[in-house]
Each structure stands twice: as C-alpha cells, then as structure tokens.
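Protein chains in written order, with the numbering used here: chain A, 1 to 694; chain B, 1 to 694.
Since the hints were derived computationally from the structure, they do not count as laboratory data. Warning: the hint list may mix true and false statements.
What the hints assert, rightly or not - Computed Cβ-Cβ distance ranges for the label pairs, DEER-style:
#1 A/R555 to B/S562: 20 to 30 angstroms
#2 A/A457 to B/A299: 15 to 25 angstroms
#3 A/E158 to B/R449: 25 to 35 angstroms
#4 B/A299 to A/R555: 25 to 35 angstroms
#5 B/N24 to A/E158: 47 to 57 angstroms
#6 A/R459 to B/E158: 27 to 37 angstroms
Stated by the list, open to error - With a Cα cut of at most 25 angstroms, we get these calculated SDA-like pairs of lysine to any residue:
#7 B/K156 to A/A398
#8 B/K312 to B/R63
#9 A/K513 to B/Q97
#10 A/K513 to B/P279
#11 A/K513 to B/A299
#12 B/K513 to A/A457
#13 B/K156 to A/A457
#14 A/K156 to B/G213
#15 B/K513 to A/A497
From the three backbone atoms N, C-alpha and C, an ideal C-beta is built for every residue, glycine too.
Protein chains: 2
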Amino acid sequence: MMTKQFFASVLVSVLAALASAQQNDGADYADALNAIPAAASLADHHKLLASEPHIAGTPGDWRTIERLIKLFTSFGLDVTRHDIWVYLASPVEAQVQVLPAGTAPIDLPLIEPPIASDPDTAHPDLTFGWNGYSGSGDVTAELVYANYGRLEDFQKLEELGVSCQGKIVIARYGGNFRGYKAKFAQAAGAIGLIIYTDPADSGYVRGIPWPEGGYANEHSIQRGSIGTLAYRGDPLTPFIPAEENATRLDPESVALPKIPVQPLGWAAAHEILSRMSGPRVPDEWQGGLPIAYRLEGGADLRVRVRVEQQRKIVKTANVIAEVRGQTYPDEVIVVGCHHDAWCHGASDPLAGLICLVESARSVGALARDGWKPDRTIRFAAWAAEEQGIIGSTEYVEAFAEELTRGAVAYINLDMAAMGPNFRAAGAPSLVQVITAAARSVSQARQPDRTVFEAWAARRDDQPALISLGSLGGGSDHVGFSGHLCIPSAGLSAGGAAGSAYHSNYDTLAWYRKTVGDDYEPALMITRMTNAVIARLAGASLLPLDPSRYALDVQRHLDHIASFIADTGAWGEQRPRAIRRVELAAELFRLHAEPVMLKLAEAELDPKRTAQINRRLILIERAWCDAGFETGRSWYRSGYAAPDESSGYAPWMLPALRHAVALGDPDLLEERADAYERFFARAGVLMGEIEQLLP
Amino acid sequence: MMTKQFFASVLVSVLAALASAQQNDGADYADALNAIPAAASLADHHKLLASEPHIAGTPGDWRTIERLIKLFTSFGLDVTRHDIWVYLASPVEAQVQVLPAGTAPIDLPLIEPPIASDPDTAHPDLTFGWNGYSGSGDVTAELVYANYGRLEDFQKLEELGVSCQGKIVIARYGGNFRGYKAKFAQAAGAIGLIIYTDPADSGYVRGIPWPEGGYANEHSIQRGSIGTLAYRGDPLTPFIPAEENATRLDPESVALPKIPVQPLGWAAAHEILSRMSGPRVPDEWQGGLPIAYRLEGGADLRVRVRVEQQRKIVKTANVIAEVRGQTYPDEVIVVGCHHDAWCHGASDPLAGLICLVESARSVGALARDGWKPDRTIRFAAWAAEEQGIIGSTEYVEAFAEELTRGAVAYINLDMAAMGPNFRAAGAPSLVQVITAAARSVSQARQPDRTVFEAWAARRDDQPALISLGSLGGGSDHVGFSGHLCIPSAGLSAGGAAGSAYHSNYDTLAWYRKTVGDDYEPALMITRMTNAVIARLAGASLLPLDPSRYALDVQRHLDHIASFIADTGAWGEQRPRAIRRVELAAELFRLHAEPVMLKLAEAELDPKRTAQINRRLILIERAWCDAGFETGRSWYRSGYAAPDESSGYAPWMLPALRHAVALGDPDLLEERADAYERFFARAGVLMGEIEQLLP
C-alpha cells in the first residue's frame, strides 16, 4: 500500500492541475453570485418564515408555502408547487399521570410554558409535546427504564432479566432515531413508551439552559416522528408518487407504531424516575438527574399514558423554483431544505431554508441581469420532512426518470446555519468541489481566513485529503442519494452553545440569542452553497471526482472489518469478502487517479466534454445499478444507507454491513460480488473517459 | 529487547524452581496459621473497636488503645505502648452561610443528621465536618469554583482569566489529596476554601445512596486532614521521634494552611452552586448536581466561612505487639494499620485493623502451642494516621536504626477488607511472595477458587508476570518504604457498592449492609496476611526477588518518557537520561535473573543462607543509599514517593519524575546517575550472592 503522504501529494497535483486548466471551472460565476448575499436579507427571510408554527398540512404550513412561492417568484425564478397527498399524524389529546401507591395521581406537564421575554412561545398554534405516528391508547402499568432505548439497551435488559412485557418503558432521547425506541419497546412487549430529554444529553450538564443560555431547560420537549418503515416518504405510497389518486396501501397493513408514545421534558420525567425503587442501572445508563437511576419502578409505582392521535391523508406541497440552464438545461443541480417544522422552526429547518432562499435570490438576481448558469439550478423547499422525509421522497419518486438521467448533484441545507464551524458530509466524489468552494469563501466572523482554513484546522486529516462526513438517514438527501444514487452532500455549520431542537422554544428569539443576530453563519452557508452550485452548474467539465470513492470505501471496509473483529464471532482473520472489495477498490483507484489527473489538464472540445460528463454521472449511478441487496429494497445505493436499527447513523457499504448485522459470513461473501461489479463498471466508464481524452 | 512472553517463561521457571526447592519456604507455617481465623472472631473485633468515635488524642482514642493492648495481650503477644506527643488539630466551631444579595443569610448544615435505623449515627462524640489543620478565621467573599482544586485546575482558571484573589474557592473532593486543594487555593490568593462531595464522584451518579444503598448521600461529609508538608508525621518533629521532650519546631515556621477550609455535603453545596451566575465551566468540570456549573458566583452572591480550630501537642500511642523470632529474632516482619478514625471508623481503618488483630490472634495461638516463627513478627496499630500518617512515621523515626538493620518487609492493611476483590500494591521484590500466598488462600465467597485465580482473571497482565500496583502517599507504609527503603506492600480488597469515607455514617451498620456481614473479605485478607508473613518469617531463604525491580523500572521509565513526549516540550527523542537508566536496569536484570534461578534450586547451609539474606536486604536499602535527590529530603527512596502536587498518587522513580516536573532536562540527566549507582550497587550485591552459591 502506498502512504497517505503519497496520496496527498497526488491530490495536491490534481487540485493544482484543475486550478490551472483552461476550461471554465465556474469560479467566476461563483464570485458573481457571492457578491449578492446579505445578512439583512437573511434576517428578513428568517423573520418572515419563523413568524408562526407550521406543521405539515396545517394552515400555517400553507401560509408558509405561499410565502415561499411569493419569495421565489419575486426573485425571478420559475416556481412550481408540487402538491402531494400524504398520510400524516396529528395530535388530539394526551395525558401522563404518575400513580404512586397510596397517594393522589400526579398529572405531568406536556407542554412548555410560555417565556415572558419571548411572545412567540405563547402562540396559540403551538402544540403539546407529541410523537408523530404514536399509537392511540390509554395504558397504566409499572415501569422499566431502558436508557436510550437502543437495540443494545433492550438486549441488556433481557440479559439482566428485566422484562418489558406489559410494562411502560421510559427511555431518554439520544443514541438513535426515536422511532427505534418505540419499535424495540413494542417488540419487547411494552404497552406504552415515554421518551424524555435527559439533562445529561441536552440540558444543564451540557450548558446553561434557556432562556439564560441556549440549552434545553426542564420544560423543553422534543417532538418528532416515530415511523421506522423500510422506506422513506408517505407511508401509504412506497416507490410511487403520492398523487391525489394514487393506489394506496391499507393503513392497517403498514407497520406504524401501535403503542402510545409520549415525549416529556425532564422536570416531568424526574417526577417518574425519582419514584422508581428497583435495582440500580448499569453505570453508563445513569443520566443527569439528581437521583440514582433504577431499572424498574417496582410494584408501588404505576404510570398512566394516554395518547390520542389522528392519522389521515393530508394535502401539502413542495415548492420548486429554478433557473433553467442555458447550455445543458437537462443537467440539474438540486438544492433542498424542508419547510415544515414542529413549531416556529427558527432553527429546524429555517437555519438552512433561509440560506437556500438567499442563494435563490442570488441566482435569480444574476439571471435577471442575463448571467444564467450553463446547467439548471433547482431550489426545492420540501414538505413534511418532519413526519418521515415525505416531500422530498415523493418528489424523487415522481421525477425519478428525469432525475436519474440529468441530476448532477443534490445539496441539502437542513438546519444548516447553527454556528460558525463549517462541516460537510456526503459523496466522496463531491469533496473536490466542496473544498474548492471552501477555499473561496471567507469564514464566518473571521474575515481574514477562508472556510477551508478554519475547517481543516478543526480536523485530523491532511488538508489535501480532507474527507466528507458520512450522511446518515435524518434528512431530505436520502431519496436522492439512497434511492436514486445522485451524489449528495449536506452543508452545515455548528458550534452554537445550545439546542432548542423540536421544542416550542425554537423561535427567532432563541436563534438570535444563541446562534447570533449577525447572521454570519447563514451568510457563510449561503456563500458556500453558491460557490458549490456555481461550480457544479457553471464548469464545462463536471467537478465530480469518482476516484475518491476508492479511498473512502477502504476506510469503510476497515470499519466493517474492525466491527467484525470486535464481535470476535468470525475468527481472527480479515474476511476474504472484505479483501476482495479492497482489491477491487485499489485497482479502480490505480486506474482512475491518472485519468483524473490527465482530465484536469486536458483541453477538450464541447462534444467530448459532454461525453465525459455523461460518464462521470454514470459512474455515480452505478451505485444503484450494480445490484446491491441491502435488506430494504427502497435503499438502492450500495454506498450508503441509514443504519437499520438506529436511523440517524449511516451504514456505509450497506450491502456488506447488513450481512454483518445478520451475522452471516456466506452472505457477506455473496454481497461482495456487487461491489466488485460496481468497481468493474466504474473502471469501464473510466476507461471510456480515458479514450475520449485528446 | 526480549519479549514479554520470554520473561513470562523465565518467571514460570523461577516459580517452579522455588516451589521444588528443598528449603523451608514457610508454607507449612502459613497453613497452620490459616487454620485459626474465623468470621465470628472478626465480627467480634469489629463490634468492639467500632463501638465509639475515636479521633486521635480523644478519650475514645485512649479507650481504643486500651482495648487493643488488652486484645493483643490476651493472644499471648508481647505488647508495648509507644507513646508520642504530636501536634494535632481539633475542631472548635464552624459556620458557613450563603449571603445572596437582598435576602436573608442561609446557614448551611455542617453535620450529618442521625439516621433512625442506625443509633451509632447519634453518638454524642461525633463531630461536625472539619478539615484537620484548617486555618482559623471568619471570611466573607464572592466565589470561584475550581473543579477538583488540582494544580491543572488552578492553571486553567488563570488561563480563563478567573482570579481567586480575595475570593472563597469552592472545590469538589476527588482528583488529589485534599490538602493540595487548600495549598493551591491559598497560593492563588483565595481567603477561604469549601470542599464538598459531588454526587458525580461519590453519590447518586455512582450508585444508590445510604441508607438504601452504600453511596454518599446529600448529607455525607468527608472529613480529613489538609497538611501538605514536605515530610510526614508530626509537623513539629520532622526526622526525629516525637518524644515528650523532643526539640520542636516553632509552629509559626511550619507551612500549615492559613486560610479557613470547611468540608460540606452536596445538599449544602447545592445551596451555593445553584446560586452562582457567572460563565459556564469547561465541560469536564461539570459535576452531578442538577445545575449548569459556573466558574464564578458573581457580585450578587457572597459566602461566609468561619472556622475555629485548636492546634496543640497531644499525647497518643502506637500499640506494638510481637512474637519474637526463634532463629533470627533481629529480622522483623512488620504488619501495620492505624487505629485512629474520624468517627466510628468501621471501614477506615477498622476494615483493615480487624484483619491485623485476627492475624495477631493466629500468630499468638500457634506461639502458645510452641510453634514460633523463625523471624520476629510485629503487629503495629498506628496512632494519628488521619492527621498526617503520624504514629507510623514517629515509630520509624524512633527506631530507624533497628528497622534499617533488620526489617525484612512492611505489610499495610489500612481499610483492607472493603469487598471481595483482592489487590496488592508495593515493592516489585514482594510480588513473588504475595502471588505464592494468593495461590494458597481461597477467594472470598468463592471457596472453589484461589485468590490468585480471581485476582489474575481481573487483570490484563499474564498470570506469571502479575505486577503489584504502585503505592501512593496515602497511608502508613510511607515511612517504611519512602523514608527507610523497607520493601512494603499494601494488601486490600474492594468491590463493595459504596463508600462512607470519613463521614459520620462510617458505622458498623453501614459496613455490614454494604460490604457484608459474612466477614468473608476480612477473612480472606487475614489469611492473605498470614500467608505472606508466614513465608517472610518462616522461609529459610528470604522470599525477596529484587530482580523484579528491573521490569517495573522499565515500565515506570516508559511512563515518564511518554509523559515527557506528551508535553512536547523536550522534542521527539527519548531523553538520553531515560535510556541510560533503561540500560542499567536491563543489565541488572540479565545478571540477576539467572542468579535468582540458581538460588531457588540451591541447597544452602544456614550460614550461607544468612549471608545471602543479608544481601537481599541490602539491595532493598540501596534505594536509600544511592543518593537520590527528590526535592524533599525526607523521602529518601529513589523508587517511589507520593506525587508532589497530588498526594495520593505515586511518583515512581521520583528523582527523575521531579526533574521532569521542574521541566529541567539537565537535572534529569544528573538525576539518572543515582539510578545507575543503584543498579551498580544491586549488581555487586547480586554478584556476591552468586559467589555464595555452592
């Protein structure tokens, strides 16, 4: 194996060559776009869009949709409203009572009290805390504490001889997607579930609570959906668009939760947890409340959980706004962020959506002046992400053919501007364009430094070899990357001291005090978005570098191999299947890197450029075409999928990872074939690119 | 370098050879002794000695001394009372008030309330919480929180721009010896100090609090001395015995604390910490109370600390009981544990002292039947350990000559039986006799397993290469090991769920509920003590293996080298000084190991045996004779000393470690000379031993 240093030097050469090439690289277009964004404008978008709660399908949602249509139209973009009819949950009633033996029932608070200094927190459309798609029911039982409610936590309970059968489980937020807490609790025989925010994970243990600081306070409740279907989007229309007259599944046949599930803040949870009397939890299960945590509540403590929710088909809409490309109109760069929120949504999603809106304003303004991109730039404000990544998925399912043919990349901006520290996650083939963009944009609040310099300084990897993070399953990129194999990246920036995640305190006042009222992070994200999409839409040769898959695949294989080694079940040796994929990746890299080097230096006519661009796109699509089996057919990409039992976290190389999760070495061997096919296909396309060089 | 596996195989051979040797190895005497100890007897000692509080110098202390004299006498041992006149602190009054701006002062509780189920906790002789040698004074000031009050914590405060000048510091227990908290606070300009028990370190975060569980509850207060002199023992008589008419230092010239220092439980500390309003602490400084911890209290919060203590010369006594050796009466094995306590002391010190008493009963019983050891076995119940390891130090200073000549080993039993999990710390030369003992004693509560099997199973090192832990500065071994270079070991066993350390809840009821009323751990420790001292006192050839120093020195050098590397200040290379000592150790090992192997197999006449034994002892003393400079002349051993700025933790190879702490590479180079001298001297003695072999 060659050293990391060697790779670094090769990559530096590639970058230098790319920079010196004669071809148009889109940098001029990027610079022109980036003269436009302004903090005041971002603040205005924020004020407008965070003015009221706007849960998907509610009147507030529709007013938000209209506001977005009006904004995009005013910027001069072509706007379409993409209506969808989707199966959503809404809260009707809920109650949680503690029933200590021999004393009166205690009703626990289910909604955040308004904060006097922030009138938004008294808005009449704010809801009590609820978990979308909870079962409806009224249950009373003894308690079991299940830590984070992860697969391993329920396994630990079983190992400790603690049965959840007929009990109400109480688990804390964190460690996985909340839906899996419900899935595992229900599977373990629990008849109800309480999910609460523990101060060790989000509250005073982390920092000063709101409203003095930015962290969750004792009343903060995290809302959120708990669906865990094997596909994303509308629960009743997997694989097909959720049109008004679509053929729908019978709701009874869909595996939505059956038990009532209720979220609480920690003041309420303390009323329960402090009354438990069973044996102490394992050390790592101890949270931040001032008590010794117990595994069981004991016979003298019962809790009542009553949840009523309605599930019905509701109409909402994605808002799509684009400027059509003047040279390659069918090649499309999509920038997306959802518009729905659990409340006012000042941070989730608006910390990202305002950047998208401001980027659209930039593209619109230049287009009005006559400077249009070569490729189509499409802005998408997605509907109903919060209930299950629904709007983007239905869009992807509706326009699968067009997107598969023409989509160059997808950039996601959910909650993007939450602090000054830039980061990016996504397809390795996008690392080059994102780092190039980061070298051209100045760092928030440090005007004499580039985003790249600040980003690289916070990381371990060598600047020339910077890797993107791995995209998990928590936002609107999944349809693009996981279902259609369109290279996708999430751009974001963190570092603010706090979080109001999914609580009624996620207001403009919270954002401006905690993240800042200078809108510097949002300005940085807007400029990064402009700089990335301008290169993707304006460069004659597409700035996609598929040779980078080889290095990242190697990293993911190492991770899988060490995961296998840690289990100890498969013996000492690195499995042959892993080794086969390693060799295939290495062969591809040895082949592809010189081609990418030559490509960067070549002078190409437009026809050859178009032929090469097509092949660069086809290499990406090969992740969908090589026949990867991942156990969940909606997730077609062999590169990345959400963790099957966690949700937020990613499974990289999911066809292999799934075989490992099943503990099946033969299946792993079989699954390795598709990775060999991917690299063979990518190698053939790379050979064709080489042939097209002068 | 040869591999660990190779060393392991050599050691296995040594052990096998030792086992097969014809010489008397003391095992028969050990087995005979170990037929005597009984759980019921241990429970009786415990009930007797834990019947009242017995702080050094109080009437309870004197009654305890009389009880011990009576016990030892009844066993048939020769008992002497070794009176000492030492400078002790005693509590007079104390008060802590929170003074929030604009509201009435709040008086904080300074003593644990009695617990109804445990009448001992209502004993009239129990004191309010106090820190021995606190300054007397009455101060009122704003607050600074200093985490654990370690050197690095005060450095961090300075770095953060937080001044302690004129403030009262509040720090939590843990991380160092409490005396250093006071020393550093005073040096930083603080005018008072509050030390409290944080639930993250000792309370509900760790386990269920007393009286339901064994952990500290909101009222538990850790008492304890805060002296940090550069020597141990009586503050006014360093280096000399504290006889009635000794020439004493002027108390004013001794660096005892000047600021008032007061310990609190966390319910009281919460009243202070929850009212602080300054910036949040660094993440690692957050404790377990349900608040975001702050660096400063702010101008609106003042606290008053009023402490009055008396310091005066007080008479107390060590109780010494021995059975004189019938063959080598001048060669002495000393077993020690202090008898004074901050309260009833059921765990500290009695969890160890009862084992010592029961071991004395065993030795006495056999001696009465006519089976006396070859060497003298001396049991020592030390006075006034809690105020500064005073009784044992004064004994060592009084009998330095005799002990230097004849002491074979010192075994310490402070708080020894606190659970079923055996461990040992001490001189590498004792590892062989301790592991041999552990192979002969059955594990507490697992009669079909030896102590050795259970001990080895809990450790990483290979059974044949098991290492002892390093002895720190927290108990009565320091005079023996650090001042006189007598090979010392602490035997103990932990694993009970909780601690009542230095609180008024350290009663028989606490011990019997938390550690157990079966006295199995105490029985195991008694038998381990018997098995070790029987071998040391009964074997014709002393079971000391100085060749083991080489391996442990290598380990400590690695630690020092990586410590130097971590600071980054001295460049990349392993310092030459370290390498020199490594080579000296390695040379000694290559020389010594074959000699020890031959020795184990040799048939020796009594005269040669005695000559060899003398040299084995002289190798130990070489740690005092090679001229090690450690910056604190009372600590003479070049092998181990207490950490200069932590107290409990050890500094291994302190002459080197001190040069590193001073950041002085030239001094390190100079200090390496003494280690070369040690190994040269040890090598010469080893050569003489080789010459004495037939």
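Hints, one by one, checked against the model:
no., hint, result
1, A/R555 to B/S562: 20 to 30 angstroms, "holds (28 angstroms)"
2, A/A457 to B/A299: 15 to 25 angstroms, "violated (37 angstroms)"
3, A/E158 to B/R449: 25 to 35 angstroms, "holds (28 angstroms)"
4, B/A299 to A/R555: 25 to 35 angstroms, "violated (53 angstroms)"
5, B/N24 to A/E158: 47 to 57 angstroms, "holds (55 angstroms)"
6, A/R459 to B/E158: 27 to 37 angstroms, "holds (29 angstroms)"
7, B/K156 to A/A398, "violated (58 angstroms)"
8, B/K312 to B/R63, "holds (20 angstroms)"
9, A/K513 to B/Q97, "violated (35 angstroms)"
10, A/K513 to B/P279, "holds (15 angstroms)"
11, A/K513 to B/A299, "holds (24 angstroms)"
12, B/K513 to A/A457, "violated (54 angstroms)"
13, B/K156 to A/A457, "holds (23 angstroms)"
14, A/K156 to B/G213, "holds (22 angstroms)"
15, B/K513 to A/A497, "violated (45 angstroms)"
Checked against the numbered hints listed earlier, the structure breaks hints 2, 4, 7, 9, 12 and 15; every other hint is satisfied.
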